[in-house]
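Asker: Please take these sequences and the hints and turn them into a complete structure.
Listed below are the residues making up each chain.
Protein chains: 4
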Amino acid sequence: MSFSPLDSLVLGPLFRTDAMAEVFSDASLVRAMLRVETALARAQAAHGLAPAALGEALDRLAPETLDLAALGRATAVAGVPAIPFVKALQTLLPSDLEPFFHQGATTQDIVDGALVLQMREAFALLREDLAGVLDGLCALAIRTRDVPCAGRTYGQHAAPVTFGYKVAVWLAGIADEAVRLQPVREAALVASLGGPVGTLASLGEKGPAVLDAFARELGLRAPPIAWHTRRTAVTGTGLWLASLLAALGKMATDIVNLAATEVGEVAEPPMPGRGGSSAMPHKRNPVGATLILAAGDAAAGPAVTLLSAMQQAAHERPAGAWHAEWQALPLLFGLASGALAEARRLAVGLQVDEARMRANLEMTRGLLFADAASGVLAGTLGRAEAHARVERAAGLVREGGTNLLDVLLHLSDLPADVDRATLRGAFDLGPSIAAGARFVDRAVAAIRPLVASL
Amino acid sequence: MSFSPLDSLVLGPLFRTDAMAEVFSDASLVRAMLRVETALARAQAAHGLAPAALGEALDRLAPETLDLAALGRATAVAGVPAIPFVKALQTLLPSDLEPFFHQGATTQDIVDGALVLQMREAFALLREDLAGVLDGLCALAIRTRDVPCAGRTYGQHAAPVTFGYKVAVWLAGIADEAVRLQPVREAALVASLGGPVGTLASLGEKGPAVLDAFARELGLRAPPIAWHTRRTAVTGTGLWLASLLAALGKMATDIVNLAATEVGEVAEPPMPGRGGSSAMPHKRNPVGATLILAAGDAAAGPAVTLLSAMQQAAHERPAGAWHAEWQALPLLFGLASGALAEARRLAVGLQVDEARMRANLEMTRGLLFADAASGVLAGTLGRAEAHARVERAAGLVREGGTNLLDVLLHLSDLPADVDRATLRGAFDLGPSIAAGARFVDRAVAAIRPLVASL
Amino acid sequence: MSFSPLDSLVLGPLFRTDAMAEVFSDASLVRAMLRVETALARAQAAHGLAPAALGEALDRLAPETLDLAALGRATAVAGVPAIPFVKALQTLLPSDLEPFFHQGATTQDIVDGALVLQMREAFALLREDLAGVLDGLCALAIRTRDVPCAGRTYGQHAAPVTFGYKVAVWLAGIADEAVRLQPVREAALVASLGGPVGTLASLGEKGPAVLDAFARELGLRAPPIAWHTRRTAVTGTGLWLASLLAALGKMATDIVNLAATEVGEVAEPPMPGRGGSSAMPHKRNPVGATLILAAGDAAAGPAVTLLSAMQQAAHERPAGAWHAEWQALPLLFGLASGALAEARRLAVGLQVDEARMRANLEMTRGLLFADAASGVLAGTLGRAEAHARVERAAGLVREGGTNLLDVLLHLSDLPADVDRATLRGAFDLGPSIAAGARFVDRAVAAIRPLVASL
Amino acid sequence: MSFSPLDSLVLGPLFRTDAMAEVFSDASLVRAMLRVETALARAQAAHGLAPAALGEALDRLAPETLDLAALGRATAVAGVPAIPFVKALQTLLPSDLEPFFHQGATTQDIVDGALVLQMREAFALLREDLAGVLDGLCALAIRTRDVPCAGRTYGQHAAPVTFGYKVAVWLAGIADEAVRLQPVREAALVASLGGPVGTLASLGEKGPAVLDAFARELGLRAPPIAWHTRRTAVTGTGLWLASLLAALGKMATDIVNLAATEVGEVAEPPMPGRGGSSAMPHKRNPVGATLILAAGDAAAGPAVTLLSAMQQAAHERPAGAWHAEWQALPLLFGLASGALAEARRLAVGLQVDEARMRANLEMTRGLLFADAASGVLAGTLGRAEAHARVERAAGLVREGGTNLLDVLLHLSDLPADVDRATLRGAFDLGPSIAAGARFVDRAVAAIRPLVASL
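Chains as they are written, first to last, in our numbering: chain A, 1 to 454; chain B, 1 to 454; chain C, 1 to 454; chain D, 1 to 454.
Calculated from the structure, these hints are not laboratory results. Remember, it's a predicted structure, so these values are computed and weren't measured experimentally. For each residue, glycine too, the CB sits at the ideal point set by N, CA and C. Possibly wrong hints are sitting among the right ones.
Unchecked claim - The list that follows gives simulated cross-link-like pairs (lysine to aspartate or glutamate, EDC-like), each with its CA atoms no further than 16 angstroms apart:
| # | chain 1 | residue 1 | chain 2 | residue 2 |
| --- | --- | --- | --- | --- |
| 1 | C | K87 | C | D67 |
| 2 | B | K87 | C | E391 |
| 3 | B | K87 | B | D67 |
| 4 | A | K206 | D | D441 |
| 5 | D | K87 | D | D67 |
| 6 | C | K87 | B | E391 |
| 7 | D | K87 | A | E385 |
| 8 | D | K206 | A | D441 |
| 9 | A | K87 | D | D441 |
| 10 | D | K87 | A | D67 |
| 11 | C | K87 | B | E385 |
| 12 | B | K206 | C | D441 |
| 13 | A | K206 | A | E186 |
| 14 | A | K87 | D | E385 |
Unchecked claim - Stretches of chain A that chain C covers, calculated by requiring three or more beta carbons in the stretch to come under 8 angstroms of a beta carbon on chain C:
| # | stretch |
| --- | --- |
| 15 | 122-128 |
| 16 | 155-162 |
| 17 | 368-379 |
Answerer: Have a look at this one:
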């Protein structure tokens with residue numbers, strides 16, 4: 001069954017990693033719910049509210065024996081999965097322990113708690129691939145720091161950069177998101193135990209202490225107050241994932257453009273069988289970048305759902321907004337897993353065609369140096385007049401002039417006090433390469449320590 | 001596995017119907033892809049481009065014998081499912097027929113074609129539940145056309161309406177979407193056959209005729225030109241689904257509000273086991289409305305994805321935007337299936353507490369008739385002065401006055417020429433009931449014919 | 001002041017037309033509100049509920065004498081503009097007419113009514129530019145129907161098309177939206193008169209008749225029931241505008257790609273001063289396409305706002321959702337006005353470089369004919385084997401082979417029974433041109449009548 | 001003119017503060033652009049690349065003398081405002097200084113630079129109101145920490161809390177966003193100076209040093225590498241604003257619900273003229289909460305625009321995505337300004353009706369204590385059986401039973417070993433009040449230090 005391609009046998013492997021699919025599987029959900037109940041039993045035992053035997057009994061239960069389809073049918077009636085889940089466990093517990101089971105907790109504590117445990121595993125998976133992407137891009141930026149390449153604005157050749165510079169921009173953008181992994185993760189990994197309305201009233205004075213113990217059992221932070229209807233952490237996680245996908249998407253956008261037949265400056269790392277077409281035997285489609293872009297395009301939607309759910313989290317539990325979150329957050333983790341895996345492959349193996357970059361640089365016969373030339377002329381002519389003159393010369397080049405330098409030198413009215421050698425120097429690639437390389441070094445120096453500490 | 005709850009064994013039954021899950025199952029996808037190839041073979045046979053035996057051979061293939069997991073692994077490499085699918089079928093066909101297989105078509109023709117066939121079944125499912133919702137609401141509106149009930153604006157009592165009137169507003173809103181089912185469906189059910197770049201060049205002059213025949217084989221409309229990168233129909237379908245969910249959501253919003261403990265005017269139809277809580281034995285939560293709202297909240301996101309994919313459909317096939325659609329459209333059909341099923345249950349079985357409505361009407365001691373009283377006074381005092389006077393009197397009622405009529409009558413400065421009987425008449429529920437009933441009749445008369453013709 | 005660039009003196013002219021700015025100006029808003037009140041007075045006079053003199057008196061009021069800033073300050077207190085607006089007018093009316101003013105109406109009737117009048121003018125403006133776009137694209141498609149051009153998928157050369165074919169795809173996409181202008185407009189141009197809770201109770205039995213007369217006065221349709229919280233038409237209009245912007249965006253996406261320096265197949269129509277850069281004197285940026293894309297990117301957001309507002313339209317007037325609409329719909333009309341104006345300019349004046357298209361077609365040395373060649377070989381070798389062989393040959397071409405035909409002919413194992421002449425024929429542009437042209441004719445024939453009837 | 005209500009004379013004051021309108025006015029934009037050019041001149045002077053006199057000359061220019069409408073007309077041609085702006089200034093500068101003006105910079109440096117300066121002022125405005133909101137809510141939470149109040153889930157009474165507890169949840173949610181103000185602000189306040197393609201090539205080796213000096217001049221951080229197409233900070237700011245609006249929206253959602261006529265537990269602070277209706281003289285609409293919700297509903301849209309723009313930031317400057325940002329970020333600051341101002345008013349002045357809260361607590365005759373009663377019974381009966389028994393008793397109460405305690409005590413089969421006193425104790429409000437108060441203290445203790453350090 002598959003409304004989301006992430007869950008499809010046929011399409012899933014295209015969009016998400018197997019490891020992430022395991023984290024968000026039905027089996028993992030049920031296992032995590034059981035783990036939450038077990039931690040609750042232990043925390044209560046520590047405070048004399050339940051026998052220690054309850055936690056042990058729960059530990060011995062095998063979540064895989066639960067009938068998931070039956071749980072599903074009962075959930076459709078109950079409205080939440082925790083109700084049939086609790087009922088199913090109650091029948092499995094010894095009758096002397098059962099009264100202490102699920103004590104003080106509510107549905108949302110169990111379901112949100114399970115989500116947090118799944119998120120913890122999910123963050124760990126993302127972190128590894130994220131470090132791989134950053135490592136790969138650092139190396140690629142340094143390897144190509146001096147490789148000249150056209151800089152383009154609005155799709156038009158603008159002025160030369162180096163390919164390493166372009167990579168350093170991707171790197172810095174993804175690093176901007178990576179530095180937020182830690183705070184986002186910390187904000188998200190918070191225990192949920194509030195009971196029906198969040199105040200843990202049924203535990204009396206021991207409420208906060210049990211909450212703290214419960215959080216410790218799970219290795220999570222204890223919140224200052226329940227987050228049943230304070231959804232910052234969930235929304236924040238989702239927005240971060242969407243933003244991370246957008247940062248990866250910027251890299252993919254550039255790769256698709258640079259891999260276009262007419263540009264041909266990069267190609268995705270070869271993988272047998274990838275990039276072909278059912279009709280066209282010659283195709284080498286940028287499949288990795290395609291998948292990253294698709295993930296990014298699909299990510300803004302769930303982000304919207306989370307923002308709106310956060311606002312509508314009425315009273316002590318809303319009618320609709322909480323259930324809406326379920327439609328959004330796991331999808332974002334799934335999309336991020338696939339996009340990061342593809343990005344890592346690209347970062348490590350992207351093929352760079354230096355010769356083609358050179359050829360492209362020469363294609364506009366000097367126009368790429370228009371800004372530099374204008375800068376030289378400005379010294380003599382003033383900035384406005386220099387700009388206008390180069391604009392005119394560029395038009396002549398486009399209409400068939402040999403190249404910009406020639407045209408500028410031969411314009412009859414070039415003032416005598418313009419230094420010809422300096423003007424010629426404006427058409428040298430060297431300064432552009434040096435300028436690109438400088439910022440590669442600056443960016444990598446700033447980002448390297450981060451990768452180590454991720 | 002389940003990134004989307006719609007695909008979960010545990011959560012799925014809560015959010016989508018079994019029938020819709022079947023339509024979008026992996027098995028249905030593969031079956032539909034095979035059906036597209038078969039129709040192509042037949043259309044080409046009809047024009048002498050393939051032997052008739054190819055269609056028959058394809059007919060005999062059992063799609064359930066294909067190894068879906070293997071297809072998935074190959075899809076992750078190829079980037080699209082049609083490539084491994086075509087390869088798998090090629091090995092199953094007699095060698096004299098194989099050269100004619102998939103002739104002229106491209107990946108997107110097969111995948112989009114399968115989607116259209118799935119959409120056709122999905123529309124049929126939605127139509128049935130939609131008719132059920134409209135039928136149920138027509139009956140409910142008529143049954144309660146004369147039941148007085150507080151009208152509320154900004155959550156505050158405003159003036160009386162009838163409950164039937166409120167239902168008629170829901171009905172009209174959902175009917176607004178229902179009238180678009182037919183045009184949206186027609187726009188969506190279009191054959192896709194364009195080959196690599198949409199022009200069917202490999203079929204030569206017979207291209208358009210084969211396209212027309214192919215469409216007839218599938219019972220679809222033939223397009224004037226390929227829609228590989230003209231995604232109006234896909235986006236239009238998604239926006240309609242999102243809009244339908246919002247119309248259902250308006251009804252659910254009202255039901256949640258009217259079912260609130262303090263209001264208590266409606267309750268969801270009783271269903272054993274539904275509406276409870278794992279902690280609170282007394283709860284009767286509006287689960288149906290909750291699920292409709294969650295679906296509506298989750299629908300805007302995929303709508304955004306489709307709009308952005310439509311714009312980014314570059315050249316003759318985009319890198320990313322087409323794959324992004326897959327993340328959006330089936331989800332919307334799934335959400336709509338669940339929300340419509342819940343809405344139908346509510347439309348048919350909503351419990352209406354007339355006594356509670358009466359009690360609520362009396363709760364503000366006449367303030368609900370402030371507009372009517374002001375209208376009466378305006379005749380003598382002018383509209384501005386009448387409004388100000390009633391505003392003042394309303395303040396006195398809030399601070400403990402008996403009721404608005406009394407306060408108005410006993411304000412020392414009530415001009416003698418204000419007719420007391422007419423003023424008393426302003427506090428009669430009768431005109432409000434009649435006014436509500438009039439619009440129930442008007443709306444039902446306009447909508448009934450539609451339901452029949454849906 | 002300018003939170004939206006559409007409203008900025010500096011940025012506004014970039015993004016919206018002056019005519020549309022006039023439609024949504026503060027002055028137009030107030031004028032439209034007054035017109036609604038006047039129509040109400042007249043409709044009531046026709047049914048004996050108000051003196052005819054009221055309508056005349058309102059007609060004589062000059063809306064431009066109202067102090068907009070004072071209205072604004074009072075609106076910030078009142079929460080809606082209609083309250084201070086009504087108060088301001090009350091003081092201007094003769095005391096014998098004042099009691100009949102705004103009778104039976106509520107704030108929302110006036111504000112929604114004004115919006116509908118503004119939308120009517122806005123639709124008329126859009127229609128004209130939309131017709132201009134379609135006309136221009138029809139002509140361009142026909143003019144370039146036989147101009148060969150590379151078809152591209154995933155940014156890679158795929159197979160030849162004609163430029164006219166590409167234009168016809170844009171045309172058909174925009175026409176898909178244009179055919180919906182009429183139904184969307186009709187659904188939107190509906191009168192709003194419901195009074196406080198929508199039932200027009202204060203007008204008694206005459207309510208529906210006054211509503212019908214009011215609608216006639218304004219040249220609008222009368223609704224079957226109030227639409228205060230049934231927002232299909234507003235949301236539907238917004239979704240249509242967003243969808244129209246996405247259709248224009250597809251064209252702009254292609255133009256940006258085709259205008260890229262390395263592709264160079266199209267250029268925007270020259271406009272003195274347009275397309276330059278503050279730094280780079282040689283730039284010819286695709287400014288028109290840039291503005292269309294920016295408008296499309298900005299359109300999905302307001303569409304989301306409208307969907308969510310529709311769902312949250314609680315009771316007889318919501319707290320928030322209605323006010324949220326105001327943040328969305330006018331922006332969409334503004335964005336559409338600017339994008340259509342730019343699109344019209346592009347449709348009429350796009351520069352097409354046929355020579356560059358030819359050069360690009362030759363750039364991959366025959367790979368563009370891989371599908372055609374594979375089709376020829378399939379007859380002898382079977383489809384799978386033919387595909388594999390051409391894939392291999394394409395690799396050799398990429399690694400330096402002369403061209404695909406040569407490589408295929410000289411592969412030592414080319415079976416004798418492959419007809420060399422037929423294989424050579426696969427490398428002929430003719431069939432691709434004919435195929436493209438066929439669909440240009442088919443699309444234009446289908447769309448032309450529409451343009452006439454828009 | 002007004003496509004956005006934020007920019008309307010009539011509607012603007014409803015949705016944004018005057019101070020924020022000033023920050024984003026056209027005049028401020030032009031002033032900020034000039035300030036950026038001045039800082040650039042000074043930084044270059046410090047490194048010997050320009051005469052000191054240039055900075056002084058620029059300092060003397062009065063930005064208000066620029067003709068904004070003329071700038072707008074020229075911007076519509078040029079495609080960006082910086083081009084005509086630079087031209088206009090060039091004519092005002094002495095000819096010996098002009099050559100050094102705008103040296104090394106590009107359009108985007110000036111426009112993004114101005115945006116950053118505007119954001120700095122905007123952040124300062126938000127910080128003040130945000131501190132006011134937190135202060136107000138801390139005080140309100142403490143003042144009402146022991147005021148009992150119904151806790152509600154799915155709109156249904158669930159179990160008692162205190163009103164202070166509810167306020168503490170709002171407080172903690174808004175504080176979650178407030179703690180991110182500092183990092184978001186720091187990430188956003190970064191200088192932009194990259195020149196045409198981001199590498200500052202025209203400044204040679206001095207590039208990075210000039211960038212650092214330029215940043216110091218403006219009091220901003222210098223980036224490791226250009227952010228022309230690395231939009232994390234812009235998107236991050238927008239997502240934070242949307243998220244902040246959602247946190248405020250949660251509070252407003254609750255206020256609208258609690259202010260509903262039937263609930264009546266809170267009322268907005270009285271403001272003469274606010275909360276009325278043009279038709280209904282008795283209304284006290286929750287206008288402040290309405291405006292906050294409208295702002296929240298309108299915020300998700302621009303957030304989507306920013307995410308999509310970030311991904312599409314192609315090459316060294318994109319065609320569309322950058323212009324799209326302009327449609328999103330200022331709107332979010334405007335919406336946040338208005339919503340925070342309203343939230344501050346609510347936090348400081350919300351009216352709390354303790355008597356009504358008491359009355360509502362009693363309205364369900366003990367059902368609010370069902371969880372507590374079930375907890376007591378579980379000790380003897382086991383959890384499942386206790387839950388079932390209380391569920392049954394709750395049904396009897398709903399059908400007319402006196403109250404839950406009575407019904408439970410008189411069920412014929414109540415086992416003798418259930419301690420009656422303990423069961424009675426379950427119906428005591430005390431523990432719920434204590435539980436609510438405990439978390440008020442815990443939350444305020446955690447948040448207070450933050451307010452001080454904001």
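Asker: Against each hint, give a clear statement of whether it holds in the structure.
Answerer: Now for the hints, and whether the structure bears them out:
1. Straight-line distance between C-alpha atoms of K87/C and D67/C comes to about 13 angstroms, which keeps the hinted pair within the 16 angstroms bound.
2. Under the criterion of a C-alpha separation no larger than 16 angstroms, the hint pairing K87/B with E391/C is consistent with the structure, at around 15 angstroms.
3. Simply put, K87/B and D67/B have alpha-carbon atoms about 13 angstroms apart, close enough for the 16 angstroms limit, and the pair holds.
4. Distance restraint check for K206/A and D441/D: the Cα-Cα separation of roughly 15 angstroms lies within the 16 angstroms cut-off, and the hinted pair is therefore satisfied.
5. Restraint check: the Cα-Cα separation between K87/D and D67/D comes to about 13 angstroms, which is no more than 16 angstroms; the hinted pair holds.
6. Taking the CA atoms of K87/C and E391/B, the gap is near 15 angstroms; set against the 16 angstroms cutoff, the hint holds.
7. Only pairs whose Cα atoms come within 16 angstroms are accepted, and K87/D paired with E385/A is accepted, the gap being roughly 11 angstroms.
8. In summary, the hint linking K206/D to D441/A is supported, as the alpha carbons are separated by about 15 angstroms, within the 16 angstroms threshold.
9. Proposed proximity of K87/A and D441/D is contradicted: the alpha carbons are some 35 angstroms apart, above 16 angstroms.
10. Between K87/D and D67/A, the direct Cα distance comes to roughly 74 angstroms. Violation of the 16 angstroms bound is thereby established for this hinted pair.
11. Restraint check: the Cα-Cα separation between K87/C and E385/B comes to about 11 angstroms, which is no more than 16 angstroms; the hinted pair holds.
12. In summary, the hint linking K206/B to D441/C is supported, as the alpha carbons are separated by about 15 angstroms, within the 16 angstroms threshold.
13. Of the pairs offered as hints, the one joining K206/A and E186/A is violated, with about 25 angstroms between alpha carbons and a cut-off of 16 angstroms exceeded.
14. The straight-line distance between the Cα atoms of K87/A and E385/D is roughly 11 angstroms, inside the 16 angstroms bound, and the hint therefore holds.
15. Evaluation of the coverage hint for the stretch 122-128 of chain A: breached, as 0 residues show C-beta separations to chain C shorter than 8 angstroms, against a requirement of three.
16. For the stretch 155-162 of chain A, the stated coverage by chain C is satisfied: 5 residues place a CB nearer than 8 angstroms to a CB of that chain, which reaches the threshold of 3.
17. For the stretch 368-379 of chain A, the assignment as covered by chain C holds, since 3 residues bring a beta-carbon within under 8 angstroms of that chain's beta-carbons and 3 suffice.
Of the numbered hints stated above, those contradicted by the structure are hints 9, 10, 13 and 15, listed in ascending order.
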